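Asker: Chains as they are written, first to last, in this note's numbering: chain A, 1 to 364; chain B, 1 to 551; chain C, 1 to 249.
Please keep in mind that the hints were generated in silico from the structure rather than gathered at the bench.
On a predicted model such as this, the values are computed, not experimentally measured, just so you know.
A couple of the hints might just be wrong.
[Claimed, not checked] Calculated lysine-lysine pairs in the DSS-like style (CA-CA distance at most 25 angstroms, straight line):
(1) C/Lys244 x B/Lys33
(2) B/Lys234 x A/Lys156
(3) B/Lys360 x B/Lys515
(4) B/Lys80 x C/Lys118
(5) B/Lys136 x A/Lys156
(6) B/Lys515 x A/Lys156
(7) A/Lys108 x B/Lys80
(8) C/Lys90 x C/Lys37
(9) B/Lys244 x C/Lys244
(10) C/Lys244 x B/Lys234
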Amino acid sequence: MTDNDNTNGSAGVPGEEPADGAETRRPRVIGTPPPAESHRLLSTDTPETDGDPYAAGPYPGMAHERSEERIRSGVRWAALFFVIAFLGSVAFVAGYVIFQVGDLWQTKWSNMALGGSLTVILLAIASGMTMWVRRVMPHYDVVDERHPLPSEQPEKQDFGKFFMAGAKESGFTRYPLLRRTLMLAMAPLGLLPLVLLRDLGPLPEKKLRHTDWKKGTKLVVDGTGEPLRAADFSSPGGIITVVPEGKEHDLDSIAKSTVLLIKLRPEELELTEEQMNWTYDGIIAYSKICTHVGCPAALYEQSTHRILCPCHQSTFDARKAAKVTFGPAARPLPMLPITVDAEGYLVAQSDFHEPVGPSFWERG
Amino acid sequence: MTTPPTPKALGGVGTYIDDRFHSARFAGVNLRKVFPNHWSFMLGEIALYSFIIILLSGTFLTFWFNPSMHEVVYDGSYTKLHGVTMSQAYESTLRISFDVRGGLLMRQVHHWAALIFIAAMFVHMLRVFFTGAFRKPRELNWLIGATLLILGFVEGLLGYSLPDDLLSGMGLRIAEGVLLSIPVVGTYLMFFLFGGEFPGHDIIPRFFTLHVLLIPGIMLALVVAHFMILWHQKHTQYPGKGKKESNVIGTPMYPAFAVKAGAFFFFVFGVTALLGAFAQINPVWLYGPFTPAAISSGSQPDFYMGWLEGSLRVFPAWEINAFGYTLALSVLIPALGIPGLVFTPLIIWPFLEQWVTGDKRQHHVVDRPRNAPVRTAFGMSGVTLYGLLWLAGANDVISERLDVPLYGTTWFFRFALILGPIIAFIVTKRICLGLQRRDAAAASHGYESGIIKQLPSGEFIEVHQLLTEDAETVAVAKKEVPALAAAVDGDGVPSPGSRSMMGRVRSRLHNFVVKDDIPVGEPHGNGHGDGHGGRPELGEAEAEERKELRH
Amino acid sequence: MLLALAVIGVVYAALSPETGRAEATVSASVKDVTEGKRLFDQSCASCHGLNAEGTKTGPSLIGVGAAAVDFQVGTGRMPAANPGAQMPRKRPVFDDQQTKALAAYVASLGGGPAIPSKEQVDPATGDAALGQSLFITNCAQCHNFAGGGGALTGGKKAPDLHETTPSHIYSAMITGPQAMPVFNDTTVTPEQKRAIIAYIVETREEPNPGGFGLDRLGPVSEGLVGWVVGLGLIVAAAVWITAKQREND
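Let's have the full structure, built from the sequences with the hints guiding it.
Answerer: Structure, rendered in structure tokens:
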């Protein structure tokens, strides 16, 4: 910016050419207006030819000394890039035909061939055009005078009068009844689309308060759908994700009902008596839906008994009824009361005793 | 040299159009539009061009994408997932990736262009902010730009939710949690948006319509308006020799800038294609189809949503339960309050600044950031806040890659988010004022050239060289903030405007803006009289010598 | 009554497969056990106690089984250079033969899960699609969708799975080393474990069709590349296009 030698064309001062402008620069005191400069002015020292104002170029008075040799080299460079771009297109079509997609390697080659040739085409055109504009076209700065943005006072006044005359003629200002009833007609119009949106979804009712767990619902392993016996889930430090039987493929159900089952040594649990009754032989079931914003609180460190939500790092203590020990979650993960049925399979005693997942206004 | 004759075909087309539109004058004026030559004036163009690339590549993707949550069993080319149940949205995304030639490329180009689009809007907005180019008469274009940025965020979020993969599904899950946290109406909004409980079967088709029709339609209209306003008001320009409020200096549209802009479009597209060809983005086949019971460690949103992820991560666990209702502050504040805190000042800034400074002048020569220290400092503190939130959104990756404890990163960000912006404000303001002083000094007695010269007396001096004319114009480009109307008039009667509370707030703020201001220096001969500056004191011969040194 | 029956069922189920395997291991080789004991006394006893009963610095190894030894020693985590929260993978101190001997010795102390056989962990015979759904619900929350690892609390990390052998993956699942939870064979069956292994191995071996994988980190590295490479190159182009030119250039 500040390198004076580079302000080529001297901001459109005609006649300050040629060449080494720095040597011939006239000292100018700050505050004095610069020499007349506008691209619309014809420079006096540009000879006119047959009354053609653009004989010397589209911006009269603007010139740029550059050796013919240098221009030709620029043309050659640009042409080279444009030829490369053309060859790139040939390669693109060839790549499309040659490289099929399918397995990952084929897809990779196809992607590289198509993308690579496209890159070559685009960057070559870009480089060629840049060569063209920088090495072939003359370089100068043109001064464009701004017109003041506010309109002239008479114009404004005239328009104001015209507009009000129109309003008067229309009767809009004169008849309040017309004006008011029109506004009355318009006012609710914006509401109608909102009314129409009512059927976007059902009302919440109590849906967020319940899950698909019921007394006796078997806990089945998410991913395999197999029921789990307490005896099978017997290694302390074990975890597994379970969902209600029959809902293995129902994402809406899983989104609320999914449970992280953890096996601890019974003596490690620090629970109230009621909560103790909700566990079975050190097996404790927590809602897997984080009480913060609903990500699966799925990460379990068996050495520290921490349950961690990988989204926002809310941390819960598995030994202490999922008490929050760190992070933005405000409530413990709800516990699902579990027991075993006659065949030893883990089943729910009931639904959760509180709503699962993120807090909502009506939760209370 | 004469003007070449118009080729017959071109003349024919021109005549055809002019007969119908009377376009010769209009075209003649507009093709002469001047574009200032500075790279930072191209940042907005990056956004424009990447937007075009997004429209083109996105159209291609819609030919195969099936925005349905209906579940199917996969049997396409990606054999590893054979037999896995997935939504049609996910399945068709895999099909585009592995069964359509160029499909993966277009997906990647689309996604990279989206990242570049939003990043370009960011840097463009920062350029406009820090140079004060949003000032009168351009406030409305600032508003349009801010709206475009926010719409860009929304459009991006909608877009990356569409493939219905595990990562994007988690984004939707978080969106559900955020909606639920809204007092009174949250549950209803959530049920209406999702068509029932999460995830339901409606959200992807609905997002698809919003993503390909409504939001891009609005954005396109705003882009056109943004551009037309720019065209009508003409560009701003940096201070420099010959540059005045009443003119704009640069390359004319025709022929040179048209080619420059064309070249730049191809550069933007070329870099996007380069990334699409060689840098894998959003490998949904690795994430797997969405299931609400599963999650990956290191789950992150795209970068532009990272700051909200960060604010959700570091906010403390506040929640109010009273009178049978729940107010989830630990979701509400970080997910909706923080964006409000960032976007509100962003949107109203031009009006706020005008109100505080009382500057109602038209500005076409932009500020150098140093010359508006309070604005620049405020901007930097905003950038710091945003940057820290953004980093906080990746705290688990930072913890894992840099071996720092996870909770430690959270605590660090909790403090840094409060202290960082304050420190940034103070430091930036000091730097700005220091630079202003240096400018004032350089303008008054030149800059230290590093040339040591021995005087005939034997004394050694360092030659202070005068600034070049251009540099000098730049150095003295600062404009004073106008004084507010005196709070007390000549008779000691307080003016009506300054008595109200808002009036007092305003004069306090005004005082804050101007109190440390460095007065705009006289360029020459300010009475230092040390013989190394001020042109008036120079002898004829010495002046001649200095002039040589200048070059 | 039912409860009592169930409890008996639990105990029986818990013990029977393990004892079965323990016998198999014990019968492996008396020579191995003696050699293992010698190595144990040299390198392990200082933390785990002379009879592997555990000390303040190291847990008891009675009943952890040969699989645990194979994993811990075979991946170089043990003997630990300095016992702490994170036991990083490093070059194993003992060779295969010595590791086997140590495993045989520890197994002889109280049974526990045995080292899986080659067929048990053969990724080629696993059902990768089943593995995918099991992996994302049970493993990805710590080890990341592409097995890249992730952060845990207290400075611990879930390691990446890029080099872990199928046998060590199996042993880790069944023994739950360090912070990792246990997935015993009755909860996640050997066949399902093989499916998970198949998924992990296939995922890490498959190429990145979109180009460089950017470490398969997801949006964090993508954002970084978008800003630095994407915007960086484009701004460089803008600088080139608009750069001031010399008079005769």
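Asker: Take the hints in turn and mark each one as holding or not.
Answerer: Evaluation of the provided hints:
1. Restraint check for C/Lys244 and B/Lys33: the C-alpha separation of about 19 angstroms stays at or below 25 angstroms, so the hint holds.
2. Our distance criterion of 25 angstroms between C-alpha atoms is met by B/Lys234 and A/Lys156, whose separation comes to about 22 angstroms.
3. Taken as a hint, the B/Lys360 and B/Lys515 pair is honoured in the structure, with Cα atoms around 20 angstroms apart against an allowance of 25 angstroms.
4. With a C-alpha separation of about 22 angstroms, the suggested pairing of B/Lys80 with C/Lys118 holds against the 25 angstroms cut-off.
5. Of the pairs offered as hints, the one joining B/Lys136 and A/Lys156 holds, with about 19 angstroms between alpha carbons and a cut-off of 25 angstroms not exceeded.
6. For the given pair, B/Lys515 sits about 39 angstroms from A/Lys156 by alpha-carbon distance, which is inconsistent with the 25 angstroms threshold.
7. Between A/Lys108 and B/Lys80 the alpha-carbon distance is near 16 angstroms, which keeps this suggested pair within the 25 angstroms criterion.
8. For the hint linking C/Lys90 to C/Lys37, the alpha-carbon distance of about 23 angstroms falls within 25 angstroms, and the restraint holds.
9. With a C-alpha separation of about 20 angstroms, the suggested pairing of B/Lys244 with C/Lys244 holds against the 25 angstroms cut-off.
10. Straight-line distance between C-alpha atoms of C/Lys244 and B/Lys234 comes to about 21 angstroms, which keeps the hinted pair within the 25 angstroms bound.
Hint compliance for this structure: hint 6 alone is broken.
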